[in-house]
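Q: So you can see what is in the structure, the chains are spelled out below.
Number of protein chains: 2
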Amino acid sequence: MDMKQGHTVKMDGRKMIELTGVIQVERFDSTEFLLETIMGKLKIRGTGLKMKYFDTVNKSAAIEGRITAFMYVEGGMGKSFFRRST
Amino acid sequence: MDMKQGHTVKMDGRKMIELTGVIQVERFDSTEFLLETIMGKLKIRGTGLKMKYFDTVNKSAAIEGRITAFMYVEGGMGKSFFRRST
Chain X
12 MDMKQGHTVK MDGRKMIELT GVIQVERFDS TEFLLETIMG KLKIRGTGLK MKYFDTVNKS
72 AAIEGRITAF MYVEGGMGKS FFRRST
Chain R
12 MDMKQGHTVK MDGRKMIELT GVIQVERFDS TEFLLETIMG KLKIRGTGLK MKYFDTVNKS
72 AAIEGRITAF MYVEGGMGKS FFRRST
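These protein sequence lines are chains X and R, in that order. Just so we're aligned: the first sequence equals residues 12 to 97 in my numbering. Just so we're aligned: the second sequence equals residues 12 to 97 in my numbering.
Hints in this document: simulated from the structure, not taken from any laboratory. No experiment lies behind these values; they were computed from the predicted model shown. The reader is advised that the hints may include incorrect statements.
Any copy will do: because identical chains look the same in the list, a pair fits if it lies in one copy or spans two.
Said to hold, decoys possible - Think about it this way: if two alpha-carbon atoms lie no more than 20 Å apart in a straight line, the pair counts; the simulated SDA-like pairs of lysine to any residue are:
1) Lys63 <-> Phe39
2) Lys26 <-> Ser71
3) Lys52 <-> Thr19
4) Lys26 <-> Tyr64
5) Lys54 <-> Val84
6) Lys26 <-> Ile49
7) Lys21 <-> Thr48
Isolated chain X (complex conformation) (with noise of 0.2 Å):
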């Protein structure tokens, strides 16, 4: 697989994702990262995270620790988002 191509997610059993198409990691610790990707930011929450790789030449990410969601947030919804205006 060509890493830098396009963005994906693939999540491994709760345990382990791993991403392409990340920009930047905006902030992060045990509980949330805020990632930029290609597609938009994106929120990772889960337990007791971290980061096991990011590289920025290839794009890619990889987080581990227990999963709970992953989300989108989209030009300043990340509020509202919770709340499902659409």
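Use these hints to put chain R onto chain X, whose structure you have.
A: Coordinates of chain R only, in the frame set by chain X:
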């Protein structure tokens, strides 16, 4: 890949999500799927969602459409996490 093994989620470009370890599709419409997986109930949200396939033998499923989020719904956490008014 043996589709019967474990629970995996693979998303490609926010337009297609493939899953293994899916026991049942509890309900779905064009904006939300609720799946029972071997690792807990999983909600997938988006727009224009369609079921591409679901196979109880392989425990595999695929959903097409614009993916916005997916989240595991665990023991009593559902409400505070979602707030969905439908």
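Q: Checking each numbered hint in turn, tell me which of them this model violates, lowest number first.
A: none
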